[in-house]
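Participant: Spelled out, the chains give:
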Amino acid sequence: MSATEALRQGRPGEVDPYKLGRGRAPVPGHGGGGRDYATGHGEGGPASKRVIVGYGFWIFLLSDIVMFSAFFAAHAVLQTATAGGPTGRELFNPTHVAIETAALLASSFTCGLSAVATEARSQAWTQFFLLVTGLLGLVFLSLEAREFADMVARGAGPQRSAFLSSFFAVVGLHGCHVTAGELWLGTMMAQVFVKGFRPNIMRRLVCFNLFWHALDIIWVALFTIVYLIGEGR
Amino acid sequence: MTPGDDDLDHNADDVAPGFMDAVDHTPREGIQGYLIGFGLAILLTLASFYVAGTRFIWGPGIPVMLVMLAVAQIGVHLVFFLHLTTAPDNTNNVLALAFGVLIVALVVGGSVWIMAHLDENMMPMGQMRGM
Amino acid sequence: MLGKLTIDAIPWDQPIPLIAGCVVFAVAIALVLWVILKGHLPYLWREWITSVDHKRIGVMYVLLGMVMLVRGFIDAIMMRSQQAIAFDAPGYLPPEHYDQVFSAHGTIMIFFAAMPLMIGLMNFAVPLQLGVRDVAFPTLNSTSFWLTATGALLVNLSLVIGEFARTGWLPYPPLSELRYSPGVGVDYYLWALQISGVGTLLTGINFVTTILKIRAPGMGYLRMPMFCWTSLAANLLIVAAFPVLTATLAMLLLDRYLGFHFFTNTAGGNMMMFINLIWVWGHPEVYILVLPAFGIYSEVISTFSSKPLFGYRSMVMATMAICLISFLVWLHHFFTMGAGGNVNGVFGIATSIIAVATGVKVYNWLFTMYGGRIRFTTPMMWSMGFLITFVIGGMTGVLLAVPPADFLLHNSLFLVAHFHNVIIGGVLFAGFAGITYWFPKAFGFRLHEGWGQAAFWLSFLGFYVVFVPLYAMGLLGMTRRLQHYEVAAWHPWALVAAGGIVIMALAALCQAMQFVVSIRRRDELKDELGDPWNGRSLEWSTASPPPVFNFAVLPNVRGEEPYWQIKRRAIETQQLSPEPRYEAIEMPRNSPTGFITAFFCTITGFALIWHIWWLMGVGIAAAYAVFVWFAWRDVEEYRIPAEEVARLDRERRGAREKWLAEHAPESAPA
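Chains as they are written, first to last, in this note's numbering: chain S, 1 to 233; chain C, 234 to 364; chain D, 365 to 1034.
Quick caveat, the hints were computed from the structure, so don't treat them as lab data. Source: prediction; values computed, not measured.
Residues from chain S shown here face chain D by an in silico Cβ test under 10 Å; the list is partial:
| hint | residue |
| --- | --- |
| 1 | G45 |
| 2 | V53 |
| 3 | F57 |
| 4 | D64 |
| 5 | A169 |
Note that the Cβ used here is the ideal one computed from N, Cα and C, for glycine as well.
This is chain S alone, in the form it adopts within the complex:
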């Protein structure tokens, strides 16, 4: 009897262990006699595909956050390097930022609602909430684009000073991620429509959810550090 079978007693007709399935723990959870029979992080054999994909994507998100942190570090260092040009206080408009924040936060909420709809296997509600998420994201992007265009028109573009370079870079990087997220969102809506709620589509939707929420998390850091604290200078 194979090892994985030994763990999966009572599950006849199992196919390939590579499907990375069902490690059933004879001793559940941690601490049972010092041995951990869980799949994935313990001795229970390979984890399920869902766990693998989710965890891998989580690691990717953390790496993305490290990349943002390098840009944040640059901004922290360069925030006083205004080279005689405009400062944050002169440029940032709290109301504008508040509306952007509201749009993105709301889109995170509707994304969560789409996740609930997906779990309930409702095509209509999933598509509806994904659409609303996408539209709110577009609102955010258009507000940001307008802010950038205004600043450039006022001579406060990224070429003006190192402070402005780092501002455009860190906020712009976030905007690029939101744009990529919109592309992905559109693709997911198409895939869900055409293929339905297959397991791999479900896994991708969860990854998309993680991504979209992470974008809001980064925005929280952004608006706090770059706009609100930056305005105090």
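We have chain S; now place chains C and D onto it with these hints.
Facilitator: Here is chains C and D on its own, set in the frame of chain S:
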């Protein structure tokens, strides 16, 4: 078994980030979770904007307050939107997050500390101009 | 229409790159024609180019690394020969050319030789050692490889179309800014690294997930082979550090392409921040290189000492300590940039502490050897050579870790000798040890021992003849990267070093001969059993080469060194464990996604370098389209029927039963 059919296995011992595996819930409970998170996040955001502009807090304390509010809001996102918990099946996910936070702290904190010290051995600007 | 690209981009007036380019081009064309005319293309496409099998991808990585090692070595020959004759003389390489040579040497050796070598060996061995069928994301793995190859291609293209960077392997501003490097050289460097950096980051994510989430049943963390632990640490570092590289190079790209002011001289830019951020990546990078190397040595030394690795738990702790501390030392690369005594002191002390963890590992290797029955095979020779060489290099590192000493030695040839000491002694020797060790598993026959030993001894000797003079020159005050010099005291050392490079070239020829002879004599050198070294970890329980699914049935792991237990039991009871119940296995389908995506990334990179904006748009759109097309496929896996699995596994069991019958319980394979 057809390929990839492992999705609804609620018996897998590990939980992937983003999944509400640990608790079987109805759609209503799911919506409630997101609503609570949304509400808390709104409150924290409003608080941040208020604090930024207020005169009721000592000036130098404002950035500290803002950072704390941001951390709280990130926590709300992680718990209510990303479903990260401290349950044993979530340990790997929390450890990974801790690792990420550590790296971010080192990169940002270390860089700011180093860059701020780079004029340690430079003459004061006034004297330099005189030369 | 073609941006900045004109026919003058080809170096018509520079004989060396022109001839080199023609030769390489001719060889490449000849190779392609041979492949096509002999009808090998369908096989190559099906079995290698579109393969998502970690074993195939690992071999391709190692091949890429070896080829680029040769290219980088040629650059080294050029540098040593130039410095040997350029005493009070101009030498044969004008400065603008010499600068490109040393920049290309460093870039290629680190990013396209050492990294692919280590990543290739990790790719090949880690899933086998973990007792599983493949990595977490096989198609992503393929994409990672092809993106790395794209970077290598772009760097080599710069030899014949345009120029390479003249800034050294890390392009410090303001020299690397547009004003002082207006040509395409720095852009070639930047885009090659951005593209291959994405590939490496994806590898990091892949392996962290694999090692943490996909292991054979019963393999808890403390039962993993040491190579898997060090691979985990290295891949965690990749995930943590490569995003910083991407960010920093992106900032430089924004400066160059869009006129931003991150690192410029004017408008508030801070060039010191580039140095800070790039070394935040740069220091973990060298640990990314050396940690897998340490893992290889752990495997080789324990196998050829016929003993389990000494102090497994302390090795694990030392490895994870190195992983963590490597993120706390980066300032030691720029002690002289002026952060002051307090900051320098903190980082200097941290650097000394990290040496302690490495010392723990060295002692553990020594204690593994002590009392063991040592077989002086080629991999073991490389490991013993490493122990001596790396310790010396480490000691010079600890010397440099003292800020006042570093103020004298920073950017001298002493520094150059130190890092070559640790990289060659550590990473390169490990690459050769690992290749020789796992070659029979990958291809079914061993490498010729005699030529391997010759290659080792010549490399070992050659290394010292090249680099001990460099230590001396550094202490005599010679700065790195000098195209010519007038100090008479340095000249004799430079001559000796050039002699040493000849010895190393002979060593390289021996390596080549080793492969040629081994392939010719592969029937004599065949590995029938699958376990040519009396190994201790799970990869040796498979056939050589393993079937695509690695294990017919995932092994049940009961302790450390699982295969050793299985083998001892089989030898004692004179029989194999009972035949398992074979089931059908589903494996991931091959996919051209990786190759095609990388192709379009090459196009995009080239277009960005030469400012051909419409082509850049085409490349990006096409890469995205490929991604969507791949995401649309309905069938992700193919099925291997149980009968086929049984047939292959019975062959493997037959070979082992035959071996058991031929060997009494007390003997072991030679």
